[in-house]
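Visitor: Generate the whole structure from the sequences, applying the supplied hints.
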Amino acid sequence: MAAEPAAIAADPLWLPNRYDESQDLIHFVRLTREEHRAVTFITDEYISAEAPRLVLRRGEVAAAARPPAPLHFIFHSAYCCSTVLARAVDIEGVSMGLKEPLILNDMTGWRRRGADPRRLGGILDQVLTLLARPFAEGEAVVIKPSNVLNALAAGMLGMRPRSSALLLHAPLPDFLRSIARKGLWGRRWVRELFIGQLRDGIVDLGLDEQHYLDLTDIQVAAASWLAQQAVFARLVGQFGPGRVRTLDSATLMQRPADAMAALSDLFGLGLDGRAIEAVLAGPAFTSHSKSNAGFTAADRVAEQRDAAATHADEIEKVAVWAEAVAAAAGVGMRLEAPLLP
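Residue numbering for the sequence shown follows this note's numbering, starting at 2 and increasing by one per position.
Keep in mind that the hints are not guaranteed to be accurate.
Stated by the list, open to error - Pair ranges (Cβ atoms, derived):
| hint | residue 1 | residue 2 | range |
| --- | --- | --- | --- |
| 1 | Pro162 | Val56 | 29 to 39 angstroms |
| 2 | Glu93 | Tyr47 | 17 to 27 angstroms |
| 3 | Ser23 | Tyr47 | 37 to 47 angstroms |
| 4 | Arg67 | Asp209 | 43 to 53 angstroms |
| 5 | Glu5 | Thr217 | 53 to 63 angstroms |
| 6 | Gly207 | Ala137 | 46 to 56 angstroms |
| 7 | Arg119 | Gly238 | 18 to 28 angstroms |
| 8 | Gln239 | Asp259 | 21 to 31 angstroms |
Treat the hints as calculated values from the structure; they're not laboratory data.
Ideal placement from N, C-alpha and C gives every residue a C-beta, glycine not left out.
Guide: Here's what the structure looks like:
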């Protein structure tokens with residue numbers, strides 16, 4: 002499909018979906034706002050194969066890009082209701098939430114393959130500009146990247162001095178229960194995540210490589226959680242609570258109205274009480290973020306309770322082990338700069 006780079010750069014319907022560094026090309030896919038809402042994540046796994054696509058030279062489309070809209074981030078450590086919040090900030094006329102754009106994963110993959118940091122940084126900056134195109138005039142854009150992007154979070158915030166970020170995580174026992182509840186798939190996923198963190202150089206827990214090989218799956222999950230806690234703590238220290246705040250999923254689900262009001266303040270969304278009530282009554286907080294079936298905070302608690310009953314002994318022992326590792330490595334189990342007092 003032939004297209005003028007300037008027209009694509011100006012049209013928010015054309016989502017930058019993939020980056021091919023070998024040929025310096027950006028792959029675009031055309032998605033309406035309703036199609037964004039319908040998919041769990043904006044990745045090839047969920048986007049329809051019938052969606053229109055095109056490929057443009059990165060330099061041409063980047064040169065035609067307009068100044069971006071206000072841009073903010075939800076960085077997260079997985080299984081912590083991050084998709085809930087990404088859906089919650091899809092408010093027409095106010096903001097649009099982008100759920101794990103795959104092109105950002107390409108940035109991490111390229112970095113792990115040895116990308117030149119300066120070139121990577123320049124292209125990541127251009128990608129963020131192309132992502133920050135709202136569907137309506139005056140809207141902000143909130144990106145919830147995959148958690149594989151956490152090693153790039155500091156760079157992304159450094160590129161966007163007017164951007165703020167929420168650092169969202171699950172309490173450690175909840176995270177471990179989520180991994181255990183997923184069975185073999187969850188245990189394999191967390192090992193792949195941890196291998197990526199090792200390659201990113203963000204694991205510094207005072208353990209040697211042989212020790213990591215000796216860990217059980219749930220210990221690996223705990224080590225991964227600790228590595229991400231350390232990344233989040235550094236982000237708070239580097240950028241300060243004026244730009245970066247922290248929140249755990251248990252507090253979010255216990256106090257959703259307070260959390261949305263505070264998030265509105267952090268991102269400058271200007272939501273009033275009526276708007277927040279509408280968000281809480283909408284699909285983000287009343288349906289499952291993956292299946293869209295009815296799902297409440299009470300259902301989430303029940304899920305966690307069932308996992309706890311099955312895996313309680315292992316999770317309790319690993320939690321104690323993790324606290325000892327954290328103390329020795331100087332990693333805080335609680336993050337500073339909470340979104341809610």
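Visitor: Please list, smallest to largest, the hint numbers that this structure does not respect.
Guide: 3
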